[in-house]
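S.K.: Chains as they are written, first to last, in our numbering: chain A, 1 to 116; chain B, 117 to 214; chain C, 215 to 678.
Worth flagging that the hints you see were computed from the coordinates, not collected in a lab. All C-beta atoms, glycine included, are put in the ideal place defined by N, C-alpha and C. Incorrect hints may have been included.
Computed Cβ-Cβ distance ranges for the label pairs, DEER-style [what the hints assert, rightly or not]:
#1 Asn559/C to Thr146/B: 19 to 27 Å
#2 Asn670/C to Ile180/B: 48 to 56 Å
#3 Ile63/A to Gly266/C: 25 to 33 Å
No farther apart than 27 Å at their CA atoms in a straight line, the calculated lysine-lysine pairs in the DSS-like style are these [unchecked claim]:
#4 Lys354/C to Lys301/C
#5 Lys27/A to Lys192/B
#6 Lys183/B to Lys553/C
#7 Lys27/A to Lys104/A
#8 Lys110/A to Lys192/B
#9 Lys23/A to Lys192/B
#10 Lys307/C to Lys547/C
#11 Lys110/A to Lys354/C
#12 Lys113/A to Lys192/B
#13 Lys27/A to Lys354/C
#14 Lys110/A to Lys177/B
#15 Lys354/C to Lys104/A
#16 Lys629/C to Lys235/C
#17 Lys113/A to Lys183/B
#18 Lys113/A to Lys553/C
#19 Lys113/A to Lys178/B
#20 Lys301/C to Lys547/C
#21 Lys354/C to Lys23/A
#22 Lys553/C to Lys178/B
#23 Lys22/A to Lys354/C
#24 Lys354/C to Lys113/A
#25 Lys113/A to Lys304/C
#26 Lys22/A to Lys192/B
#27 Lys547/C to Lys113/A
#28 Lys177/B to Lys553/C
#29 Lys354/C to Lys192/B
#30 Lys234/C to Lys307/C
#31 Lys68/A to Lys396/C
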Amino acid sequence: MLITLITSLVLGIIGVFCVVVKKNLIKKIVGLSILTNSVHLLLISIGFRPQGIAPIITRSNQIIFASKAVDPLPQALVLTSIVIQLSVTALALGITVMAFRHFKTLDTDKINKLRG
Amino acid sequence: MFEQWTSVILSFFLFIALGVIIYATGRRATRPENEKYKTYTCGEPFDKVSISPDNFYRAAKKSIGIKDLRELHSGKLSDYLLWFVVGVAIILILVVWT
Amino acid sequence: MLEYTVFLLIISAFLMLAFKKDLIAIFSTAASFIIICMAFLFKNIETVRFGGWAPPLGIVWVADKFGLFIAILITGVSFLVALYSTKYIKEKKHRFYALLCLLTAGLLGVSLTGDIFNMYVFFEIMSISSYAIVSFFLDKDAIEGALKYLIIGSLSSSFILIGIALLYGLTGTLNMADLVIKISHTPPYLTAFGLILIGFAFKSAIIPFHAWKPDAIQGTPIPAGIIFTTASVTIGIYGITRIMFIFNLLTLTTAFIFFGVVTMIIGAILALIQINVKRMLAYSCISQVGYITMAIGLGTRSGLISGFYHILNNILIEALLFASIGCVIYATKETSLDKISVKNNTLLIATSIGILSLAGVPLFNGFVSKWLIYTASLEVNPSLTVIAVVISAITLAYGVKIISIFFNPSGKTIKIPKAMLVPVVVLAFLCILIGIFPHIGLSLVEPAVNALLNQNHYLTTVLG
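Chain A on its own, in the form it takes in the complex (with noise of 0.2 Å):
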């Protein structure tokens, strides 16, 4: 669907837009978070088929499964992609911690010790 496909985009370029342009370390976080979630629409958005079923198998719908169904394979890839984001959102958040606790401060501009 175009909608979602678009959505996807704007989402995605805000996402690049805040890792790269704000300078606290907790806003930059958020921006990877919403950069990821961009990507998992995109992969959702191309298994979709007009007038779908959900893919799970039940007694009523074995004969039309295969014509109607949505497709199962981009939903599995997005449900390992957040467990890999949580994990690596969880790291940074722990880093920023400690960070913080030896810098004073989260701005990247003055965590700068070293440099050439």
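Based on these hints, arrange chains B and C on the given structure of chain A.
M.R.: Okay, now just chains B and C, sitting in the frame of chain A:
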């Protein structure tokens, strides 16, 4: 591609042997005598002095291109991410339009 | 048989956290190295079907000679690092070994798989373990390095996922062999190709995606630094070459040659003016990756052979340099060049062998691969050869800075424990051995290049 490899290696060993012979039959460098020693060092004590290796290319640190490159790696995360996005744009243009 | 290596490594990571004995990690890395060596010697190409489902519907692991070549190098380096860090890491050792086992499992999974989303999942396992291992010491430098690595790294992994989503939407399959049949060279496919290329180019630190590398390596412990400059870089280049294999684009690509030359020049020039020795070695690794990228981008068969030979040599040389400098840092606890002055004969010889073969002096193994790169690039464009030779000279120039820390008359003599000297001596011996008998390295590299150029054999073995 390595047909004459044994001859290359043997010639290299020959040059190393020549260098060892020249080194072994030469004179060892000695420290000058007492009066000459004081004149050379202008009266300062001269035991165990050496240059630390971070002084080696001092002129390069201040030359035009290298100093700009070093300041470009400013350590700020936003600058690094900006290069990343510019690199994405360049690679996509190069790959899709050739 | 090959999937048990990855399972063994993941299980030993959890066993390390439970039982806290070093022997578990050393045993599992050694066992995986021996299994992969036997698979390289005795089988031509082998597929493993998970759950019995046939491709292109199920996930399949394909171990051809190219993937096995990369896997041998990775497990060998991993075993040496496990030996080295029995003495280097003094506290919280079980956490380091658990992360090392997970890192090796992720690296092995990327090089052995034949399904593109499976490659992304193992790539993420490797990335998350390396984000955690960079911040191991938990001081100021380590946290700053881990922060920069994490944010740029997860941004680039999202680009790989966008590329995979586009490929699935256009073709409807995720199997690599099936993708070879269904791909054409229109702009939507090439956009997906470019996006996946960016994700892997981040890992191997090609300019302009290299900014995280010096800061991250300055903060890590030295054994993790060995893994980052050898194994992660190799997996980045493996990913790039595998994507080019899928897209039938193993031809002369000007983008690669351009980025390779720029990486070579900037890496070598910035290494001339560094004071911190770990940062200088990180820049030297970036410069060597430039050589490899330029050699692979040439597109001819001799270009591919020289590129893969330089991957093998880069692993040996960088591991040797990091290990010997790590012994010095272990004894004196300082990392800046103006404060280190030590005396040790073994380390002097080992570091000199490393620097001389980095610069491409004959009789050591750097000369072999650099000579091959010079002759391969002479056929395409002679100015590339001129640039490569000049950068080799600059490599020797900054290498002299590292050797001169051993020539100070007021240095103190240091003693190194045996467990840390064994990897140094083994790597130095291998450098000289491959330098005098280059056919040993060629017998590893040529089957890999033949497997890469022989696409029909790959397709008929996987799809039946």
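S.K.: So which of those numbered hints doesn't the model satisfy?
M.R.: No numbers; nothing is violated.
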